[in-house]
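Note that the protein sequences, when read in sequence, are chains A, B, C, D, E, F, G and H. Take 1 as the starting number for the first sequence in this note's numbering and just add one per residue. Take 1 as the starting number for the second sequence in this note's numbering and just add one per residue. Take 1 as the starting number for the third sequence in this note's numbering and just add one per residue. Take 1 as the starting number for the fourth sequence in this note's numbering and just add one per residue. Take 1 as the starting number for the fifth sequence in this note's numbering and just add one per residue. Take 1 as the starting number for the sixth sequence in this note's numbering and just add one per residue. Take 1 as the starting number for the seventh sequence in this note's numbering and just add one per residue. Take 1 as the starting number for the eighth sequence in this note's numbering and just add one per residue.
Keep in mind the hints are simulated off the structure, nothing from the lab. It is possible that part of the hints are untrue.
[What the hints assert, rightly or not] DSSO-like, lysine-lysine: derived pairs with alpha carbons at most 30 angstroms apart:
id : chain 1 : residue 1 : chain 2 : residue 2
1  : B       : Lys51     : B       : Lys155
2  : D       : Lys51     : B       : Lys66
3  : E       : Lys51     : G       : Lys66
4  : D       : Lys66     : E       : Lys77
5  : A       : Lys129    : G       : Lys138
6  : F       : Lys66     : F       : Lys155
7  : G       : Lys51     : H       : Lys66
8  : G       : Lys155    : H       : Lys155
There are 8 protein chains.
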Amino acid sequence: MKKISVRTKVLTGTVAAAALAAATLGAVSASAEATDTPSAAAAVKADTQNKNLAQTTGLTIAAATKAAQATLDAATKAGQKVSVAVVDRDGVTRVLLKGDGAGPQSPESAVRKAFTAVSWNAPTSELAKRLAQAPNLKDIPGTLFLAGGAPVQSKGAPVAGIGVAGAPSGDLDEQFAQAGVEALGK
Amino acid sequence: MKKISVRTKVLTGTVAAAALAAATLGAVSASAEATDTPSAAAAVKADTQNKNLAQTTGLTIAAATKAAQATLDAATKAGQKVSVAVVDRDGVTRVLLKGDGAGPQSPESAVRKAFTAVSWNAPTSELAKRLAQAPNLKDIPGTLFLAGGAPVQSKGAPVAGIGVAGAPSGDLDEQFAQAGVEALGK
Amino acid sequence: MKKISVRTKVLTGTVAAAALAAATLGAVSASAEATDTPSAAAAVKADTQNKNLAQTTGLTIAAATKAAQATLDAATKAGQKVSVAVVDRDGVTRVLLKGDGAGPQSPESAVRKAFTAVSWNAPTSELAKRLAQAPNLKDIPGTLFLAGGAPVQSKGAPVAGIGVAGAPSGDLDEQFAQAGVEALGK
Amino acid sequence: MKKISVRTKVLTGTVAAAALAAATLGAVSASAEATDTPSAAAAVKADTQNKNLAQTTGLTIAAATKAAQATLDAATKAGQKVSVAVVDRDGVTRVLLKGDGAGPQSPESAVRKAFTAVSWNAPTSELAKRLAQAPNLKDIPGTLFLAGGAPVQSKGAPVAGIGVAGAPSGDLDEQFAQAGVEALGK
Amino acid sequence: MKKISVRTKVLTGTVAAAALAAATLGAVSASAEATDTPSAAAAVKADTQNKNLAQTTGLTIAAATKAAQATLDAATKAGQKVSVAVVDRDGVTRVLLKGDGAGPQSPESAVRKAFTAVSWNAPTSELAKRLAQAPNLKDIPGTLFLAGGAPVQSKGAPVAGIGVAGAPSGDLDEQFAQAGVEALGK
Amino acid sequence: MKKISVRTKVLTGTVAAAALAAATLGAVSASAEATDTPSAAAAVKADTQNKNLAQTTGLTIAAATKAAQATLDAATKAGQKVSVAVVDRDGVTRVLLKGDGAGPQSPESAVRKAFTAVSWNAPTSELAKRLAQAPNLKDIPGTLFLAGGAPVQSKGAPVAGIGVAGAPSGDLDEQFAQAGVEALGK
Amino acid sequence: MKKISVRTKVLTGTVAAAALAAATLGAVSASAEATDTPSAAAAVKADTQNKNLAQTTGLTIAAATKAAQATLDAATKAGQKVSVAVVDRDGVTRVLLKGDGAGPQSPESAVRKAFTAVSWNAPTSELAKRLAQAPNLKDIPGTLFLAGGAPVQSKGAPVAGIGVAGAPSGDLDEQFAQAGVEALGK
Amino acid sequence: MKKISVRTKVLTGTVAAAALAAATLGAVSASAEATDTPSAAAAVKADTQNKNLAQTTGLTIAAATKAAQATLDAATKAGQKVSVAVVDRDGVTRVLLKGDGAGPQSPESAVRKAFTAVSWNAPTSELAKRLAQAPNLKDIPGTLFLAGGAPVQSKGAPVAGIGVAGAPSGDLDEQFAQAGVEALGK
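Next up, chain A with everything else stripped away, as it sits in the complex (with noise of 0.2 angstroms):
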C-alpha cells in the first residue's frame, strides 16, 4: 500500500450514489472498498485536503505473519505449546494463531499482551514492573500484564504488537515474541 496523492477535488453526494448503484447491480455482499480504477476515482464523492489525512505505519500481512510464524516455530522448537498474536496500533488483530496443544485460556491471553505492548511500546515484562508504582494501569480494559508481549518498532515508535502465552512462564513466552519481533530484521 503505498503512499498516494490526495485529490482535491469535491464531488456530490448525487454523482456518488450514482456510481454506486452502478456498482451494485451484481450479487453483492459484504464488499470491501471499490478497486481504485479511473472510473471509480471519477465518481469519488469526497477526496478530502492534503491537509486533512494522516498515515498510521503498519505492517504488512505477509511481515506480521512472519512474524508470527517465527514466534510460534521459536516455541515449538522449545517443546512449548502457546498461542501467538500480532495487533496492529490501532489494537486491532491481524493475526491469531491458536498452536497445537495451547490451552484454552491462551489465545485471548496472547492477543492482550501484544495490545499491552503496542499500547505502551514496551515488553510486557517492563511494564509488569511499572505496576508498583500504578498499580491500577492493570485495570485498562484490553490489556494484561504478564510477561509475553512485545512491541514491533519503526524508528522507535511502535507498529505492532506480538504475543505469546501458553509456556511454563511469562519469561518464556515473551523470548518467543522476542524472536518474532527479530525474524522482521532478516
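Since the structure of chain A is already known, use the hints to place chains B, C, D, E, F, G and H on it.
Quick look at chains B, C, D, E, F, G and H alone, frame taken from chain A:
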C-alpha cells in the same frame, strides 16, 4: 504525522530492556510511546525493514473534529437534535459528539452508521438497499443499515466514516453527514 | 435549553397515537423527539405535574466541546498524544476525541477516568488514594482509579467529568484535564 | 432539585485537592458528591459560567416510583404478571420492578420498551408500525419494537419512558404503561 | 423447603399444542404463562410428580418494594443520594431505584452489593473482611465486596439481598440497607 | 402459591455480625448460605414476616438431571448429536449437557430454546408461529424462536424449560425435549 | 468415537453443493453434521490428508456426567449446596449442574474454576499459590484462582477440568471436585 | 499429536500436589500442561479409564495456517482485500488473518462464517438458503448466514471451517474459502 524513513538496524532485546528500565524511573502511568528523541532511537530494539511496513491513511484529529462540528452545525441549523460520530478506516471512533437534547439511542446509532459507511465505502442509504439482495449483511456485528452514514474518501478509498442519528428521518441524518464530508474540502 | 413551565392537562393515548401517525407519513428513521410546535403540543399525551419533575444540570455540547478541545490542545502543546472524554452527570459520554497517535487503550481509559471523576466529584488522582482505605472501590463497573480525570462542578456539584489518557504519567494526563476544566471559566 | 444559580469563580486545582483530602479522613467508600455546604463550596475548583450549562428535565424518583407502582397495580388488577421499568431521557433506568410470577424475559424486555419509547417520544405500538418504512430501526442497540412502552412527556418533550412486559399481548402491556403515565397527572 | 402436592397426570404434547394454538388467536405479544384456570389446566402437558419439585422462598414484590422504599427513605433522611437494589435468591433483580442525584456508578454498584449479600448470606461489610483469607473471592463475576449490602433471611436462609450505593461511606450505605431489612419485620 | 410460616423475630445487625465473624475463623471461600441449625438460627438478623414471602416452584436437581439425561438418550437412540439444557422459571440454567459430537452452536442454542419455552410456557415450535403476528418478539434478549424447546409444567404453570439443539431439524430436537418432559412423569 | 482413517480424495465444491441441496428438502433447522453414511461420504468435498489432522482427547459425555454426578453427590453427602461444572480441554462446558439451594454466584464460579484447572493442568488450590509470583495471572479472562477446581488427566495431559463452588470453603469445594475425578477411575 | 494409550492407575491428589509444587519453583506464568516426561507421569493424579475418553479430530496448526494462507493468496490474486478465519469443530478460532486493506467489519464476519460452516457442515451459501424454511436459525449466537464460509471435512464429518469476508460479493468470498479447503488436499 509525517511519513518516516525506516531504520534497518535491529538491536537486541537486552539493550531495549535497559533503555526501557531507564525510562521508567519517574512516576509512570498510562504512558504512551516513548518520545522520538535520538537517545530513545538508540534503544530501538526491532526497527523493521521497509518492506515490512504499510501505511494506512486517516483523518487528522483536527480534520475529524472539523467534520464532526460541521455535521452538528448543519443539524442544529435545521433544528434537529443529533449525535455525530467519526470513525477511521479501522472502525475506531475518533470523534463522538452527543448533541444537546439528542436521544439516548443516538450515540451508538451514529457510531454504527459511521462504521458501516467506512466498511463498505458507501452512504448507508445506499447500503440499506443492498439488503434486498443480501439481507443478512445486517447481521454483521457493529453495523447498522440505516441512512445517516457517509464515507470520507481519499482517491476513492475510504479513510473515515461520518454517522448521524437523531433526526426524524435517516435522509435528514445523512444530509448532515454529507455536510460534514463536504466541510473537509473547504 | 431553558427551564420550561409544565402543562398539566393529560390527553388520552388515542389522541396522541393519531398525532404520531400523522407525524410519520414521510420516510421516518431514527427520529428524535417531536419539535416543540403548538400543533405537536396539542397532541401531548401525558404532560406531567410540575411536582413530578426534576432538573439535572449538564454542559451544553458547545461547552463540552470547548473543554475537550482545550484539553487536547494542552496535551499537544506538551508534546503528548492523548485521548480526551467528557461525560455528563449520568455517566453518558458527550464528547470523545482520540488524538493523533494516541494509543489504542486511551479512548476507553479516558472515558472511565471521566466517569470516575464525575461519579465521586473529585480528581481521580485523589480518588486513587482512597483505595488505601477501600480497595474494592475499583471493582465498581465503569470506573478507573488512575490519575487523569477531573470533575466539572457547578456550585460544588458535579455536572461533568473530563478524562485524559495517553501521556507518560497520570499526573500529566490530569494537568491536561484541569486545563479543560479551566477553559470553561474563561 | 431546584434550578441553581451558577458561581463564576474558578479556584485552583491545588485548593480543591486539599479540600478533597480533608474530606476523606473518615472511612470512605463509594461516596457520591460532596454535600452542598458553604465550606465545600469554598473548595470548588471549576464553577462554570452560566452559558456553559443546560438543564435536562426528568422525573423525581418519587414520581417515577409512583408511576411504576400504578403500572404494576393496573396489571395485577387485570390478573397479569409483568415487569415494569421507568427510564429517564438519558436512557438510564430509574425504577425496575419484577412483579410476582413475571417471566424471566420480562425485566429486560420492559427496560427496552421504556428505552425505545423515550428515545422516539412515542408509544412502542406506534413505533412498531414505523418498521414498515424503516425496518432496520429495530437493529439500534437497546431498543425493542414491541407494544408495551409509553413516553412520559412535559410540554411535548419526552422526560421518561415506561415499559411493561409479561402480559399475553403487547396491547395489554401498553394499557398498563399508559395507566402509569396517567397516574402522574393525578 | 417442604414440598407441595401437585397433579400427576401427564398429557401428550399434541393436546398441549392444540390448546396453545387456541390461546394464540388474538394478537399475542410477549405473553407470560397461561392463567391458572381449570380450562388451562386441562391442557397441561407435563404435570410433574411431586418428588420432582422444590420450592424457593423469596420476597413478594410488595415486600421487596416496601424494603427498597424504606432503604431510600433512610438515605434521604440522612441527606444522602443513593441507589437501592433488591435481588432474590437466584440473583435476579426484583427492585431497582436510582434516587434523585445518585451518581451514575450507583445502580450497578447497588445491584452487585445485593447480589453478594444474598450469595453468601452475610452483610458485605463482613464479606469484605473475608478477602484477607481468600482475596480472589472478589473475582467471582457479579460480586462487589464493599460495605452496603445486607441479606434478608427467613429462618436463617437468605431469601433476598438489599444493596445500597452512593453515600460517602460504605458503612452509611449499609445502615440504609439494614433499615430496609428491618422494615420487613414491621 | 401458598405461603409458609416463618419466624418473626428480628435481631440486630450487631448480633448477626458477631455470629458471622465467628463463622469465618476457618479458611473461608465462596461459601453458600449457613446451614439451618438452631445455633445458626440464633444469629438470624432479619427473619421476615410471613406476609412478605412467596414460593417459586422448580425442579429438584435430581429431576432436572433425570429429564436432561432422558432427553439426551432419546437423541442418541435416534442417532442425533445434540446439546440439552434445563432452565428454571427464573431463566437460570440448572443442567447443561453438551453431547458427544454436538456442534459448537448447540449449547447456547439449547439454553435459549429452554429459556424461551419457560418464559412463554409453550413449546418453541408453537412460539415460532406467533412471530407471524408479533415478529419482534424474537428480539427479546435471551430468546430463540426455533423448535426444540418444551416447557415443564406443574398445575399448568411453567416450572422449567428443556431445550435441545443439534439435530437436522427443530422438530426432531423438540421430540427429544418432549421425551425429557415425559420422563418426569414416570 | 473411534479414530478414523482419512480419505484423501478431494471432490469439487459443486458436487458438495448438490448433495447439500438434496439434504435440505425436508424442514431443516439447527442441523448438525451429516450422518456418516456412504452416500454422504460420496458428497465429501474436502477430505483432508492424514497429515493435516490432529486428535484432541476429551471425556465422553457419559464420563463427564458420571464425574459431575459423583462430585455433586459428594457435596450433598457433606451437607453442602454447590454447583458443578465439567469443561473440556478447549475450555468448553460439557456439563453444568446447579445443585439445589446453590447460590446464584456458584454456576459461573464453578465453570471458571474448571476452566482454570484444565488450562494449567493443576488444582486451583495450587494455582492460587502461584499468584505470589505472578499476581496478574488472575487477570486472564475466564479464569478464577480459587480452590475448587481439579484437572482430569490422561497420561499426565489435561483432558478436562471439574469445578465446584458453593461450599463454605474452597478446600471443601476441591474435595468434591477430586471425588469427581476419582469416580472416573472406578 | 498421536493417539495415546491411556494409563489406568489413579494416584491421590496429595501426590499430585507435591509434584505440582515442585514444578512451580521457577518463575511461573500462564503455563500450559506439564511436559509428558516419566517423572511427570509419576505424579499423575487421575489417569482415566480408556472407556471414558473420546477423540475430536481437528486440523494441525500447520494445516490450518496453510489453508488460511492459500485462502488469502487466492483473494489477493483476484485483487480482493479480505480477512480469513479458520475455526475448529469446537468453534474455537485457530487462525485469523486480517489482510492488507480489509475493512474493519471483515475479521468478525470471517470468524462467524467459519463458525457457521463448521457448525452445520455446509457452505454458508447453502445454509443461507435454508433460512427460507427456518428463518430464525440466523438468531443463534455466533452465526452469520452469508456466503463465504466453507467446511473442512474428514470422512464427511466437519473438522474445521474456513470463513472469508471483504470481497464485493459473498460468492467471491466463498471461492477463496474453497481454495483454502482445496489446498489441504495438495
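Quiz item: Is lysine 66 of chain D within 30 angstroms of lysine 77 of chain E, Cα to Cα?
Solution: holds, 19 angstroms
Self-check item: Distance restraint between lysine 66 of chain F and lysine 155 of chain F, which requires alpha-carbon spacing of 30 angstroms or less
Solution: The given pair, whose Cα atoms are some 20 angstroms apart, holds under the 30 angstroms limit.
Self-check item: Proposed proximity, lysine 138 of chain G with lysine 129 of chain A (alpha carbon, max 30 angstroms)
Solution: holds, 16 angstroms
Quiz item: Keeping to a limit of 30 angstroms between CA atoms, is the pair of lysine 51 of chain D and lysine 66 of chain B held or broken?
Solution: holds, 22 angstroms
Quiz prompt | Restraint check for lysine 51 of chain E with lysine 66 of chain G, where alpha carbons must lie at most 30 angstroms apart | solution = Cα-Cα ~22 angstroms, so holds.
Exercise. Please work out if lysine 51 of chain G and lysine 66 of chain H have their alpha carbons no farther apart than 30 angstroms.
Key: holds, 12 angstroms
Exercise. For the pair supplied as a hint, lysine 155 of chain G and lysine 155 of chain H, confirm whether the alpha-carbon distance does not exceed 30 angstroms.
Key: Roughly 28 angstroms separates the two Cα atoms, so the pair holds.
Self-check item: Pair hint lysine 51 of chain B and lysine 155 of chain B, alpha-carbon separation not exceeding 30 angstroms
Solution: holds, 23 angstroms
The structure shown violates none of the earlier numbered hints.
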